[in-house]
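> Letter by letter, the chains look like this.
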Amino acid sequence: MVNYGGDEVSALVLDIGTSTIRAGYAGDDTPKAVIPTCYGYTEEQGDGDVSMEGSEEGAQLPKKKTTLYVGQNGPSVWRAGMHVAHPVQNSLITDFAPIPAIVSHAFKEVMRTDPSEHPVLVTEPAWNTTENRERMAEIMFEEFDVPAFYIANTGVLNAFAAGKGSALVIDVGQSTASVTPIVDGFVLRKGLSHSGLPQLIYAHAKHTLTTPQPGRPGIQLIPHQLIANRQTVDATFPPKFTLREDRVPGVTDSWRSWYEAREVDEWVQSVAGVLDQGWNDQAAAQRGPRHYEFPTGYNTYFGAERFNVGELYFSHTPQLVASNPNLPKTIPALISSALTACDPDIRQVLLGNIVLTGGGSMLSGFADRLSAELQRNVSHVKIHAPGNPSERRYGGWLGGSILASLGTFHQLWISKEEWKEHGKAIIGQRCK
Amino acid sequence: MSSGVSVSDDCITSYQELMKRKHKYVVYGLNPTFTEIVVLKTSQDADYELFIKEFPNDQCRWAVYDLEYEADDGGKRNKVVFVYWSPGQSSIKQRMVYSASNNALKARLGVALEIQGNDEEDLEFVNVLEKAKRNSR
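These protein sequences, in sequence, are chains G and P.
Residue numbers for the first sequence follow the numbering used here, so the first one is 1 and each next one is one higher.
Residue numbers for the second sequence follow the numbering used here, so the first one is 1001 and each next one is one higher.
The hints are simulated quantities; they were obtained by calculation from the structure and are not laboratory data.
These numbers were taken from a predicted model, which means no experiment stands behind them.
One or more hints might be untrue.
[To be verified] Computed footprint of chain G on chain P, listed as stretches where at least three residues anywhere in the stretch have a Cβ under 8 Å from a Cβ of chain G:
id	stretch
1	1018-1024
2	1047-1057
3	1062-1071
[As the list claims (entries may be wrong)] Ranges between beta-carbon positions, derived for each pair:
id	chain 1	residue 1	chain 2	residue 2	range
4	P	1078	G	112	53 to 61 Å
5	G	323	P	1110	54 to 62 Å
6	P	1070	G	276	37 to 45 Å
7	P	1107	G	336	30 to 38 Å
8	G	104	P	1089	34 to 42 Å
9	G	279	P	1010	53 to 61 Å
10	G	376	P	1133	27 to 35 Å
[Unchecked claim] Mimicking DSS-like on lysine-lysine, the simulated pairs with C-alpha atoms at most 30 Å apart in a straight line are:
id	chain 1	residue 1	chain 2	residue 2
11	P	1053	G	382
12	G	432	P	1053
13	P	1079	P	1133
14	G	190	P	1133
15	G	382	P	1079
16	G	416	P	1093
17	P	1131	G	382
18	G	432	P	1131
19	P	1106	P	1024
20	P	1106	G	382
21	P	1093	G	382
Idealized CB from N, CA, C, for every residue including glycine.
Kindly generate the complete structure, drawing on both the sequences and the hints.
Shown next as structure tokens:
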């Protein structure tokens, strides 16, 4: 057991998602740093000096003549020839190389703190691999020299934060939707089910926007960084804007798709919705349209199509299924495969204790629709959906923040000394 | 994952007393500094409706209750029910710490049947009775 001076110690909490990294002090209600997980990079041609443009954000990967641009001024700032890469896919870190630079940016540049002086609690998805969590421990101990480390499961954190030892946690993130059965504080692995459903929603929304629809042309998704000026136009009128022609040649495909993903995501978040009682053409038409303006100045009202997008979380049309045999599972399908794997007695407990979390679940009508879908088949369903947006969006981070702030949690931390003595094996023993 | 919160010896003593029919129910909670689980109340009152009044709508609690009921064969049965109460109006910090300490208390007491209560409906007598009967089979 290690002593860090009683309650004086302030641990750091790090929650790495597919779209953003959340970092902050244990005991706080919200993370201090929320930065993009993806990063920009440029590669040097020839053997000239390595560029350190924007030196504060720029950090170098050793052995490669590559400059990284991370944080709020990373991918979102246009730079000639800058590519964008995504080190986290489906909530799993797939490329560890840039992780130290990104985490360092969050801790040192944004939070202005020195991680070598604070225990660090990191969160992980239920389907994280042993190699991944051990690698994370290694990075924290070896590269950040942290005095202590712990890795906690986001599903369990969300269940606990909802006041439940047993729960069915439905987490709708940027790239993955997951259903995690938790019994007495432990993940029931056989029931864990997840799919890339949010990616289908994204693809569908992008297709809807960029292809001509009755009453409007296909919409151009042009980054504001490439627009020199624009004029205000009335809704549905063609946009009037001037491109920054000088920048166009320096645009890479990966930067453009990063931008498009962001714009589409923003459109989904501000315009899309879910019909709370199931699909119905009339109900979709009756809901008021919503206005959205793109960086080109083009703006219009979106009617039924905004519900088409959200509907994909819950049902797929026969045509869609026929055209794509590998469709990711819908939310109801994920729930039913999770429940099928559990004993009937546990099923009832889980259905009475559903916890809804993740930014994607905040689409208007989502919780009501989920409840309607489930009540069609089961008699006793209860859904806990935090009304507070930051609680829903950062549920995992917040749970970790509370846990890591406890004086009594000290006995669970893995200290640097223990890491040195026992190595990787201690991670699996301590963090269950 | 646990909170590291400890269980005071009083919790176990009072539970053993309940098993000897000295109490009808015992209410537990975290001390104000969130370091230890302590006994908040013991009672000999058998009235279930009084028992559920022990659970405030904005505070988490634990309790054990010696449930007496008539089995389907007409015989009298006793079942100790462990209740974890964490209502939606309690603070997220309370919910988090209580949830992360739940296993420690359950393990120290050695209870078999847990009722997870997040609202009053979860603790209604019929629901608890049904779970107790199912658990005794």
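> Now tell me, hint by hint, if it's right for this structure.
Against the structure, the hints come out as follows:
no., hint, verdict
1, 1018-1024, "violated (count 0)"
2, 1047-1057, "violated (count 0)"
3, 1062-1071, "violated (count 0)"
4, P:1078 to G:112: 53 to 61 Å, "holds (60 Å)"
5, G:323 to P:1110: 54 to 62 Å, "holds (57 Å)"
6, P:1070 to G:276: 37 to 45 Å, "holds (43 Å)"
7, P:1107 to G:336: 30 to 38 Å, "holds (32 Å)"
8, G:104 to P:1089: 34 to 42 Å, "holds (40 Å)"
9, G:279 to P:1010: 53 to 61 Å, "holds (57 Å)"
10, G:376 to P:1133: 27 to 35 Å, "holds (28 Å)"
11, P:1053 to G:382, "holds (22 Å)"
12, G:432 to P:1053, "violated (36 Å)"
13, P:1079 to P:1133, "holds (9 Å)"
14, G:190 to P:1133, "holds (28 Å)"
15, G:382 to P:1079, "holds (26 Å)"
16, G:416 to P:1093, "holds (28 Å)"
17, P:1131 to G:382, "holds (17 Å)"
18, G:432 to P:1131, "holds (29 Å)"
19, P:1106 to P:1024, "holds (18 Å)"
20, P:1106 to G:382, "holds (24 Å)"
21, P:1093 to G:382, "holds (22 Å)"
This entry does not satisfy hints 1, 2, 3 and 12, going by the numbered hints stated previously.
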